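J.: One-letter residues, chain by chain:
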Amino acid sequence: MIELEGVSQSYGGGELLSGISLRLAPGSFHFLTGPSGAGKTTMLKLCYADLLPTSGRVTLFGQDVRDLSRDGVAEARRRIGVVHQDCQFLDHLSLAENIGLPLTVAGREAGVADLKDLLGWVGLAAQARSLPPSLSGGERQRAALARAIITSPDVILADEPTGNLDWDMSLKLLTLLAELNRMGKTILIATHDLNLIRAAKSQVQARVLRIKDRRLQLAGADL
Amino acid sequence: MRRLIFAQDLLMRFVPATAADRVVPPTGYTAMLTTATAAAMAFLAVFALALSLAAGRVADRWSDALTRGATIRISAPAEQVAAQTQAVMAILKSTPGVLDARAFSVDETKALLQPWFGPDLPVDSLPLPQLIEIRESDGGGFDPEALRLRLTAEAPGAVLDDHLRWRRPLAQAAERLRLLGLMSLALIGAVTAAMITLAAQAALAANGQVLRVLRLIGARDSYIARAFVRRYTLRALGGAAAGTVLGMIALAFLPAASEEGGFLSGVGFTGLDWLWPLAIPPLAALVGFGATRRAALRVLRDGA
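These protein sequences, in sequence, are chains A and D.
Under our numbering, the residues of the first sequence are numbered 1 to 223, in order.
Under our numbering, the residues of the second sequence are numbered 1 to 304, in order.
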């Protein structure tokens, strides 16, 4: 699905990530953890071709990202659902339209029933017609999750998806991601919330990756 | 202005918005500026077009209608006029390219002078030159220099006026005027393209976040560009249509253009020429389409 081979990423001269190798196999469930500023967001950005690696190779669905055209990147992103940390929406469209947007831009019709189910599930049915700026941080985060999964993507990447959620909602979100994983989706969640990772252990076979000193380590054992 | 917005509305309704249009937030004020500028440019284009057409007509008239004619004027002492006239007629008969020649009678000469000197001029007492009118044949006409040489030798009082002398600068001036008109049209097109590019660029810059979000959720560049392209194409089309109509109305109220009229009364359209300005709105739309598409794809490639 997504493969990183010896990837390094530098920002303004300083190296942030170095020699990262990772293979997200179909149906796998990964957590990515590490102190803030360690490069979790950067690593996710490499995974959906928002950044090109300074060195090394990133492969999306069997294609080197350097060889992808801009349309190729767009196609790849339709198969990757991303929950961004700073969930951005189109502020002039209603929440329902925003959530259906990935389908709209792909030229597919958003099924009204599916959209309603999804909105109901993330607890935003009442806000379907609201504009994004009127939502709370937690509501925006849930909406971002709904938008990320509406296309039923093969891979779901989430950057601190529970950052603004209370514990109940965090668990609910985790349950949804676990459910999606059981349906065969590949999941990668960047989080610094160790409780969330512990809670996940009972639901899915999750592997925990940690970024430490610019390198990626398999954590697991110490949790 | 209100009428302009109405035309805009009508167009927008006529061409239904697609999902791609909705992803870009609506813009009010700058949209009006684009439409108004397109209208002004189309208005100017109508006049530039009318100018070039009129200049073209004049140039054609001067270089075509008068090419076929020439005049020989014989100024000689009274007793020699008849002899020289005969000599000239003989020369003309044997000159290749001359279809026929005719000496003016005294009455005809009088009639020619009458508008200038009035009917009471005692023409008989004046040493009027004898005029001979030459009609050239279609195939290129005669060689004026050769004819002039023969005339000097055989009829020293005869002067050939092949109309070229005064016709050429006039035809040239008209030709230049036509060129200027066409250049103005090209400039108007370029300014319209530049203006729409600037407006589209501003809209794209103001919607940076929209572009970024759309890219992140997998929209292709062409999809995002479409929303902007449709808007600016319709604005250019609507504005230009309004400007063209106004320009045509303004021209219709000028004194009628006619083949015979002088140049000033000739700025306007005659007959089928009225169809020309109808090409302005589609061309403006085409310019709007191209300019916006280029701007959008460039911004997308550089930024989001």
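Everything labelled a hint here was simulated from the structure, so no lab data went into it.
Keep in mind that a hint or two might mislead.
What the hints assert, rightly or not - Some but not every residue of chain A turned toward chain D, in silico, with C-beta under 7 Å: (1) Gly-14; (2) Ser-69; (3) Asp-71; (4) Ala-74; (5) Arg-78; (6) Leu-90; (7) Val-105; (8) Arg-108.
What the hints assert, rightly or not - Lysine to any residue pairs mimicking SDA-like chemistry, simulated, CA-CA at most 25 Å apart: (9) Lys-45/A with Gly-208/D; (10) Lys-45/A with Ala-279/D; (11) Lys-45/A with Gln-209/D; (12) Lys-45/A with Arg-301/D; (13) Lys-116/A with Arg-22/D; (14) Lys-45/A with Ala-190/D.
Note that the structure is a prediction, hence the values are computed from the model and not measured.
The C-beta atom is built at its ideal place from N, Cα and C for all residues, glycine as well.
J.: So which of those numbered hints doesn't the model satisfy?
T.: 1, 2, 8, 10 and 14
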